[in-house]
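K.L.:
In the order they appear, the protein sequences are chains F and S.
The numbers in our numbering rise by one with no breaks, and the one at position 327 of the first sequence is 327.
The numbers in our numbering rise by one with no breaks, and the one at position 112 of the second sequence is 1112.
Don't read these hints as lab results, they were simulated from the structure.
Remember, it's a predicted structure, so these values are computed and weren't measured experimentally.
Do not rely on the hints blindly, as some may be mistaken.
Restraint ranges, calculated between C-beta atoms of paired labels, are given here [what the hints assert, rightly or not]:
#1 Arg1162(S) x Ala337(F): 47 to 55 Å
#2 Ser1126(S) x Thr162(F): 30 to 38 Å
#3 Asp553(F) x Asn1140(S): 22 to 30 Å
#4 Ser1126(S) x Asp539(F): 30 to 38 Å
Beta carbons: idealized from backbone N, C-alpha and C, even for Gly.
Given next are the chains, with one letter for each unit.
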Amino acid sequence: MRMQISSGLFGLVLSLACVAGDISKTAAPLTDLELGRRIYREGILSNGQTLTAKGAGDVALSGKQLTCASCHRRSGFGTSEGSRRVPAITGKILAAPLTQTYREIRGGRKSGEGARPAYTESALIRAITQGFDVNGREMDPLMPHFMLNDTDLKLLLNYLNTLETENAPGITESDIHYATIFTPSTTASQKKIVLDTIKTFFDGYNAETRGEDRRAKHGPWSKAWQYGSFRHLQIHSWELTGPAEQWPEQLQKYYAQQPVYAVVNGVGLDNWQPVHDFCETREIPCLFPTTDVPGKSTKPYYSVYFSEGIALDARVAATFLQNNTKTASRILQIYRAEPRSEQAAQAFSTAVKPSKGTHLDELKLAQDQALTHELLQQHLASSQANTLVLWLAETDLPAVDKVIADTATIKTIVVARSFIAADTKFPTSMQPRTYVISPYVPDIDMVKHLIRYQSWAKMHHLETSEVRIGANAYFASMMSANAVRGLRANLAREHMLDQFEHMLERGLFFSVYPNFTLGPEQRYASKGCYVIGPMSAQDKKEGRYPKKWIVPDKF
Amino acid sequence: MLHAHFTVRKFLNLTGLFALLSFALPCLAEHEHHHHEIAKDTGYTVAAAEYVLPEIELVSSHSTTQKLATVMGDEPVMLNFIFTTCNAICPIMAATFMEVQKKAAKQGIKVKLVSVSIDPEQDTPSALADFARKYHAGANWEFYTGDKTNIIDLQKAFNTYRGNKMNHIPITFMRRNAKARWIRVEGFASATDLLNEFNKVTAK
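Can you build the whole structure from these sequences, using the hints too?
P.N.:
Below is the structure:
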């Protein structure tokens, strides 16, 4: 039976109908639930004004700085920072008494840190507005005293009751279902690598913990919290076909056939937007897809990416060139009419635009047009560029070589590892002036960096020819499995995302990226790129590449 | 190196048991009650310490690069560590500095406020500038980020480094000038508390 905090107290519909009508005359009035959610997540009261509060004794706060969700999280399951614990406040949890736990008894704590009777509506209102808990004790100064009128309090309490639903879709008594998604541009070999990797990892996870479901059922009561969340992991492959406009319908269909708890990895190198939109609207976590063009939306919550993709490369290139002001005054960027290259060029021109004294020219090649040295020479003459930025593949480099060999005017060439194959040897003329933007660990260090993945894949006879595809799938499977394990008995999707935000910094695995961090509401794990410079004679002797890690500011 | 005043603190610092502070706090408060400095019923502790500042550079919210020694200056200063996506502790700490700023201006107290991000890759200068606007930071309240390793060195110098940024704890540091010792205020002190402590520091 599920208890409601304030059952029978929602004679609100009438009073709210007029309030809601005031806020939005044109749009449909918000429902009670939406109004409550807006207070909780955005700190906006039912009359459209900003929530206010007093915190830490004498500090005036507003919903612009702090909302319920910022501490208690969208999930309602709370968080912890350092020694500070923010408790779970879902209606279901508040309406039940908290008794001393086995751990607390064993820890020798007499009172039981969190032990309390069930919250009544009036006790909860006192907690929110005056900062006293149901035991009458003053709460941690972290909890502000919120100024809310009766209407808003009731809306908020009503919303808390909706926070913890029964199991999320895709979860059964025994299984958690995940999907991995491939867009049509994904090759058959890439699909195979991803599917084999995830399946192998999940199989290992399911086998290794085979006893846990029995422990959950028959183990001592004191262990229920530890094993209650255990489920077998299942993976489903969703292959998209045809033009992108048709993908949403295909995604709906797949989801209707087999609802999934979350999307794990998948590949869509040149378009991920429709999948992003699907996950954000359906509120399905979409965890670490391999893509160069992550989807965009205002404040994405359910999509977590390795990095911002090709746009990050472009912003790093702009930052690097602007720091080298001596050489960056006249830039010619060359790109091709294909989605990744176009997005790079667009992000680059946005990033360099605000800087003074930089002149930017562009050369856009048609999709099947080769870069010839005549074409390049012609554009160099008209643009008088001293810097080349190339969002092109290694096959275009011979033309550059031919021109560079004859001219001293080009001082700096910037290319991106995202377009150029790992084993590319630059023509001699380019070598002393070429900088490679690399979101990944430099190729020379990659084997060492991925040794755990490589050994694991070899042990299971998995293909490792495309290291980024394979290592990303491995990383995403491991994160998904570990996050669920950390959830204990609460399998809400938002709570799983909370886990992600916390677990990355203590992770041991980084896939092909050198450096990961996430935090509350952060959705891009890797935030910079290396700029790998030309080797000096000394560097060559010692076999190392001079590299600099650059984290660009937002432009 | 850090030389703490009280034996209890010294023990904590030496053993690096700060993660256990939550459990230690009640007994700590009881213990230090016999001494002085601990404000009754407020749950924060005060200790004096000497920290050796590393020779590093920081980047301000205006994208200017400055030496740490220049940032801290030779005038009265208060320092805290924050990050802009932090959801529990930092909003309160930032709001407390906002209140300190307001109260100090009203009372004619001269104090420079410095907030340093412990999530430097996420907190670029413009992210810090947004955060500063959110808390109505004036000219005397500066925000800094920097190279990841430098920021770790800085936290280590102030004995606040906890590995994972989510493990951070609320601490405010203050000192009178470059030669003076730092005062470490640990816990949620209100703006009034901080200014009281600050007035003691500057009156010395």
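K.L.:
Each hint: holds or not?
P.N.:
Evaluation of the provided hints:
With their beta carbons about 49 Å apart, Arg1162(S) and Ala337(F) fall inside the hinted range of 47 to 55 Å. Between Ser1126(S) and Thr162(F) the C-beta distance comes to about 36 Å, which sits within the given range of 30 to 38 Å. At about 24 Å, the CB distance of Asp553(F) to Asn1140(S) agrees with the hint of 22 to 30 Å. A C-beta distance of roughly 34 Å is found between Ser1126(S) and Asp539(F), which places it inside the suggested range of 30 to 38 Å.
In the structure shown, no violation is registered for any of the earlier numbered hints.
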